[in-house]
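Given the coordinates of chain A, work out where chains B, C and D with the ligands should sit on it, guided by the hints.
Residue numbers (the numbering used here), protein chains in the order written: chain A, 1 to 403; chain B, 1 to 403; chain C, 1 to 147; chain D, 1 to 147.
To be clear, the hints were calculated from the coordinates, so they are not data collected in a lab.
C-beta: ideal position from N, C-alpha, C; glycine also.
Keep in mind that a hint or two might mislead.
Here are the computed lysine-lysine pairs in the DSS-like style, where the Cα-Cα straight-line distance is at most 30 Å [stated by the list, open to error]:
1. Lys156(B) <-> Lys127(C)
2. Lys122(A) <-> Lys122(B)
3. Lys232(A) <-> Lys56(C)
4. Lys122(A) <-> Lys56(C)
5. Lys277(A) <-> Lys232(B)
6. Lys122(A) <-> Lys13(A)
7. Lys127(C) <-> Lys11(C)
8. Lys56(C) <-> Lys13(A)
9. Lys56(D) <-> Lys232(B)
10. Lys68(C) <-> Lys122(B)
11. Lys122(B) <-> Lys127(D)
12. Lys377(B) <-> Lys232(B)
13. Lys257(A) <-> Lys232(A)
14. Lys68(C) <-> Lys156(B)
15. Lys68(D) <-> Lys127(D)
16. Lys122(A) <-> Lys127(D)
17. Lys122(A) <-> Lys11(C)
18. Lys156(A) <-> Lys127(D)
19. Lys11(D) <-> Lys122(B)
20. Lys257(B) <-> Lys11(C)
21. Lys257(B) <-> Lys68(C)
22. Lys127(C) <-> Lys122(B)
23. Lys11(D) <-> Lys68(D)
24. Lys56(D) <-> Lys13(B)
25. Lys11(D) <-> Lys257(A)
26. Lys232(A) <-> Lys277(B)
27. Lys122(A) <-> Lys11(D)
28. Lys257(A) <-> Lys56(D)
29. Lys156(A) <-> Lys68(D)
Output of the computed footprint for chain B on chain A, the stretches with three or more beta carbons under 8 Å from beta carbons of chain B [what the hints assert, rightly or not]:
30. 109-118
31. 131-140
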Amino acid sequence: MRDVVIIGVGMHKFGYLPHVPIKELARVAVWNAIRDAGIEAQAIQCAYVGNTAQGALEGQHSVRGHVALRTGAGLSGLPIVNVECGTASATVAFREAWIAVGSGLYDVALSLGMEKTTSGTKAQRQSSAAGAVDVTSGDGGMGLTFVGVFAALVEKLMRQYGWTEQQLAKVAAKSFYNASLNPNAEYQQAYTVEEVLQSRVVSYPLTRLMSCSARIDGAAAVIVCAREAVEKYTSRRPLVDVAACVQRSVPFYDFRKPETREIVYTHDPSSVMEAYKIAGAGPEDMELAQCHDAFSIEEMISYQAMGFCEPGDGGRMIDEGRTALQGDIPFNTDGGLLARGNPAGATGTAQICEVVQQLRGEAGARQVRGRDGTGPKIGIISNAGGGPVENAIGSLMGVVLKR
Amino acid sequence: MRDVVIIGVGMHKFGYLPHVPIKELARVAVWNAIRDAGIEAQAIQCAYVGNTAQGALEGQHSVRGHVALRTGAGLSGLPIVNVECGTASATVAFREAWIAVGSGLYDVALSLGMEKTTSGTKAQRQSSAAGAVDVTSGDGGMGLTFVGVFAALVEKLMRQYGWTEQQLAKVAAKSFYNASLNPNAEYQQAYTVEEVLQSRVVSYPLTRLMSCSARIDGAAAVIVCAREAVEKYTSRRPLVDVAACVQRSVPFYDFRKPETREIVYTHDPSSVMEAYKIAGAGPEDMELAQCHDAFSIEEMISYQAMGFCEPGDGGRMIDEGRTALQGDIPFNTDGGLLARGNPAGATGTAQICEVVQQLRGEAGARQVRGRDGTGPKIGIISNAGGGPVENAIGSLMGVVLKR
Amino acid sequence: MDTGSGTGPEKVVPLREGLFHIPASPDDHGYLIGSKCHNCGYIAFPPVLVCASCVKEDTMRECRLSGKARLDRFTVSHTPNIAVEAPYIQAYVQLEEGPMLYTLIAGVEPRADALQLDQPMEMVIDKIRTDEEGNDVVAWKFRPAEG
Amino acid sequence: MDTGSGTGPEKVVPLREGLFHIPASPDDHGYLIGSKCHNCGYIAFPPVLVCASCVKEDTMRECRLSGKARLDRFTVSHTPNIAVEAPYIQAYVQLEEGPMLYTLIAGVEPRADALQLDQPMEMVIDKIRTDEEGNDVVAWKFRPAEG
Ligand SMILES: [Zn+2]
Ligand SMILES: [Zn+2]
Chain A
1 MRDVVIIGVG MHKFGYLPHV PIKELARVAV WNAIRDAGIE AQAIQCAYVG
51 NTAQGALEGQ HSVRGHVALR TGAGLSGLPI VNVECGTASA TVAFREAWIA
101 VGSGLYDVAL SLGMEKTTSG TKAQRQSSAA GAVDVTSGDG GMGLTFVGVF
151 AALVEKLMRQ YGWTEQQLAK VAAKSFYNAS LNPNAEYQQA YTVEEVLQSR
201 VVSYPLTRLM SCSARIDGAA AVIVCAREAV EKYTSRRPLV DVAACVQRSV
251 PFYDFRKPET REIVYTHDPS SVMEAYKIAG AGPEDMELAQ CHDAFSIEEM
301 ISYQAMGFCE PGDGGRMIDE GRTALQGDIP FNTDGGLLAR GNPAGATGTA
351 QICEVVQQLR GEAGARQVRG RDGTGPKIGI ISNAGGGPVE NAIGSLMGVV
401 LKR
Chain B
1 MRDVVIIGVG MHKFGYLPHV PIKELARVAV WNAIRDAGIE AQAIQCAYVG
51 NTAQGALEGQ HSVRGHVALR TGAGLSGLPI VNVECGTASA TVAFREAWIA
101 VGSGLYDVAL SLGMEKTTSG TKAQRQSSAA GAVDVTSGDG GMGLTFVGVF
151 AALVEKLMRQ YGWTEQQLAK VAAKSFYNAS LNPNAEYQQA YTVEEVLQSR
201 VVSYPLTRLM SCSARIDGAA AVIVCAREAV EKYTSRRPLV DVAACVQRSV
251 PFYDFRKPET REIVYTHDPS SVMEAYKIAG AGPEDMELAQ CHDAFSIEEM
301 ISYQAMGFCE PGDGGRMIDE GRTALQGDIP FNTDGGLLAR GNPAGATGTA
351 QICEVVQQLR GEAGARQVRG RDGTGPKIGI ISNAGGGPVE NAIGSLMGVV
401 LKR
Chain C
1 MDTGSGTGPE KVVPLREGLF HIPASPDDHG YLIGSKCHNC GYIAFPPVLV
51 CASCVKEDTM RECRLSGKAR LDRFTVSHTP NIAVEAPYIQ AYVQLEEGPM
101 LYTLIAGVEP RADALQLDQP MEMVIDKIRT DEEGNDVVAW KFRPAEG
Chain D
1 MDTGSGTGPE KVVPLREGLF HIPASPDDHG YLIGSKCHNC GYIAFPPVLV
51 CASCVKEDTM RECRLSGKAR LDRFTVSHTP NIAVEAPYIQ AYVQLEEGPM
101 LYTLIAGVEP RADALQLDQP MEMVIDKIRT DEEGNDVVAW KFRPAEG
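So that you can see chain A by itself, here it is in the shape it has in the complex (with noise of 0.2 Å):
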């Protein structure tokens, strides 16, 4: 493949937002990343559009993408082509589009991610999330909740590594506070540690303010060209390049064995791991990192998975401050899908918005200065979509991206 770059990201703001159509979503997003790379619109080749709630909550199936772009940003006659793979959709859009271009069949390539999860009624909205695991497997309509799962887990990790409410809450409180400092985030207030403990239980031990918001809109853009075919499209530097996109779909587990159990309950790293490989960098490399974190425990189990401490060592490393925008390694800089927000169909593609910015020196007051006080070079990015890893759904992405 070609030498991938991105040279434009472009979001709409992430928020409860129900008097903005999806279109508009959209030609926000993608005309901010047409004006920040620099291009020509009718430079972008072909695109791949992410989303998850369109079909259930507006009944428009099919041809999602291709009503966006042509009706809300205005691009027509090119390829179009509608990806779903629940909170990784726009990760997977990303990765198609740096396919596209790495292939040669393309020079410049769109990506978008967008969602509204606003609009429906409130049952389309429950098929909505219900539809991102196996809807035949017998336990859909019984009840179960994402936020379980995850709190189940964490009430085990609790006992197992010994951490504690004031370290969940400590990790959601440094999401609200990179947030407030994001103009383009869900929430732009910073809440304390107190007030994230104090908010209401949800599914112990989580609380509303350890949960990302179920109703949000956004829309994030990223535009990627072959990094031979640069200097025909645009003069916007720095370049970003794409040094590993890996996607993986959820691997056959035996639970009966021990070690496998223990990949599952702390998130598989299978992906990042071989991002890592790929980029021929390790976590001891990178300067920012993304994570997963619909609940502020995905974070903290992410510090270990991720390879940036071992076992159990996750509330130590919010503790020490090892993960706010000051320390060794920063995570979740844009307030994470905690705070920025967790619109799924456009949560991947936000994630690269924010790491694009961080590596050029753009991210404002959440700037980090990464190890030699420049600025960071390189991050890390994991994000997953569809059910639970032990339906065995959906899939794992890890992406390393460097300046």
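Then chains B, C and D with the ligands, alone, in the frame of chain A:
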């Protein structure tokens, strides 16, 4: 891009199969393709899955391919990408598999089209069909129908070109005859021209037997491999080359221009023309063709749109038998969308399965002979997905395969 | 036609918001709401946010359409569906501003000889169906132009 | 428990077909229906069509599961939803045949001290909700094993 060849194809019979779950449709198609390719299942390194209806009809969103491949076909761990684009969904899946292998990232990729439209409620089925156009455009919910789009078009073209109802019925009767020779087709019986004409008028001049069935299930799988890596995986021969695989979304049309109207009336041929160009072959070289004939009129339009006759000469093409199995350019040899059946998400890969079988000389009773009597060496496929072109929403596909 | 100011069972509600104006009184006229590019003059209905011809940001503005059109093609349909009793006419009309619209036809018998290709048509806001609350759901249809 | 033979309002219907057996009489036992690979012994619940371990065609056969399990982890949930009143317990149990199952817990108070990790559990067919026709919709839950 590297050269890519098709090494295996497999189908689950199309038809009204309410008691067959989609997992079973997927299993049969995928394993037929695996056996056909003569590879180990584990040799498949990534998969693309097209589907349109499972979200609307079964509430299965986000992870359709993951569910079908993991719990149906037994495949886990590999990257799986769910794609959606109306009746072009499976062609898009095939094309992405072609790009993924062409890029050098993978040697062997699976594309699967799967569809089940016999499940769900009537309201859900209507929502699913209505979702293939821009649902915010306002005409959804008025009672406007897809068949009306093509009925109005053929009514106009009959006036313009002097085409007759008899000719339309001949096209349909040819398709049913071809289907009767195809064990995987929905229709296993030939209808006469008179029977086609005498079936219920749905929307004048289209009768029931000039229109594909709305409720139908099926699946079709295609396995591609890098040409340079074939020896490593399989001894299956002959190989079928992907000589061109083109996707466009519907371009901007300015209906104030008469030439735009002409293009749209007679099916935008741009993807097919580009495919010819890339393949370095024209319509005069083609030895068989598959087109998008959800209504029999579409095949007659395709004769001219795909370059096989002058505008208006489609009636003569069918009268002279040129597109029959024994003709010089056999069309829709497997029965086409009309009679092989059109479970939207599976249609594209079924078209590819048919051309591959014809090129290999494995099409049994419907085998066409090709120019030199030794079997065809090259064929063209046209397909489209999404709303009618006036909506400017959807994708146009053109694929050239050769032996 | 009741215009929706009351809360009674005969309220008039649009099939979809933002696409057309429902006459507010007998003297008022309905119209379709499109968007027009102030750069190239391209007019879209339904409205789009970015001109597909210029492909520049921020050139589209909301505009009223005249409702004048010509009949491009039509079919008499014989299968009833969720919203329409059969037989009925489905047609494409081209607005004088350019857009081609798939639409229901009002005001004529559903017969093949009721219309002529290219004849002048005009837009009318008409009832599509009654919703669950007894409201009249309305949208555009086209009928032969008067005079 | 009425077993669904009648057509009265208290008919018992499964949440989903083919995944479990509903006791037909007080002497009958409910059980989960999985699939077992006759090549490698891998057991799946819910059943799969092809063994994900062997990845060979036609090695899976339907099998009954014992319903014996151990409690892997759990949480007390405080937010009611469409099917459940709060508080309630959601848990993962591992069947003795291998599969890990996300499930509701029956037969105990919804309190953190009601269960111990790793304790033996057993499957019970229990009511999930009442459907629109007044039927009892049932599925599996798990409860602490007796004895
Ligand atoms: Zn313009
Ligand atoms: Zn096995």
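We went through each hint and held it up to the structure:
1. Lys156(B) <-> Lys127(C): 28 Å, holds
2. Lys122(A) <-> Lys122(B): Holds. Lys122(A) to Lys122(B) sits at ~21 Å (cutoff 30 Å).
3. Lys232(A) <-> Lys56(C): 20 Å, holds
4. Lys122(A) <-> Lys56(C): Distance of about 38 Å is beyond 30 Å: violated.
5. Lys277(A) <-> Lys232(B): 25 Å, holds
6. Lys122(A) <-> Lys13(A): 24 Å, holds
7. Lys127(C) <-> Lys11(C): Measuring from Cα to Cα gives roughly 11 Å; hence the hint holds.
8. Lys56(C) <-> Lys13(A): The hint holds at about 21 Å.
9. Lys56(D) <-> Lys232(B): 20 Å, holds
10. Lys68(C) <-> Lys122(B): 36 Å, violated
11. Lys122(B) <-> Lys127(D): Holds, because 29 Å separates the two Cα atoms, which is no more than 30 Å.
12. Lys377(B) <-> Lys232(B): 25 Å, holds
13. Lys257(A) <-> Lys232(A): 54 Å, violated
14. Lys68(C) <-> Lys156(B): It holds: about 21 Å lies between the C-alpha atoms, which stays within 30 Å.
15. Lys68(D) <-> Lys127(D): Measuring from Cα to Cα gives roughly 19 Å; hence the hint holds.
16. Lys122(A) <-> Lys127(D): 23 Å, holds
17. Lys122(A) <-> Lys11(C): 26 Å, holds
18. Lys156(A) <-> Lys127(D): Distance ~28 Å between Lys156(A) and Lys127(D) Cα, so the pair holds.
19. Lys11(D) <-> Lys122(B): At roughly 26 Å apart (the allowed maximum being 30 Å), Lys122(B) and Lys11(D) satisfy the hint.
20. Lys257(B) <-> Lys11(C): Since the Cα atoms of Lys257(B) and Lys11(C) sit roughly 41 Å apart, the hinted pair is violated (cutoff 30 Å).
21. Lys257(B) <-> Lys68(C): 18 Å, holds
22. Lys127(C) <-> Lys122(B): 23 Å, holds
23. Lys11(D) <-> Lys68(D): 27 Å, holds
24. Lys56(D) <-> Lys13(B): 21 Å, holds
25. Lys11(D) <-> Lys257(A): Violated, at roughly 41 Å.
26. Lys232(A) <-> Lys277(B): OK: Lys232(A) and Lys277(B) at ~25 Å, within 30 Å.
27. Lys122(A) <-> Lys11(D): The hint holds at about 28 Å.
28. Lys257(A) <-> Lys56(D): 22 Å, holds
29. Lys156(A) <-> Lys68(D): 21 Å, holds
30. 109-118: violated (count 0)
31. 131-140: This one holds; 8 residues, not fewer than the three required, reach chain B with a Cβ under 8 Å.
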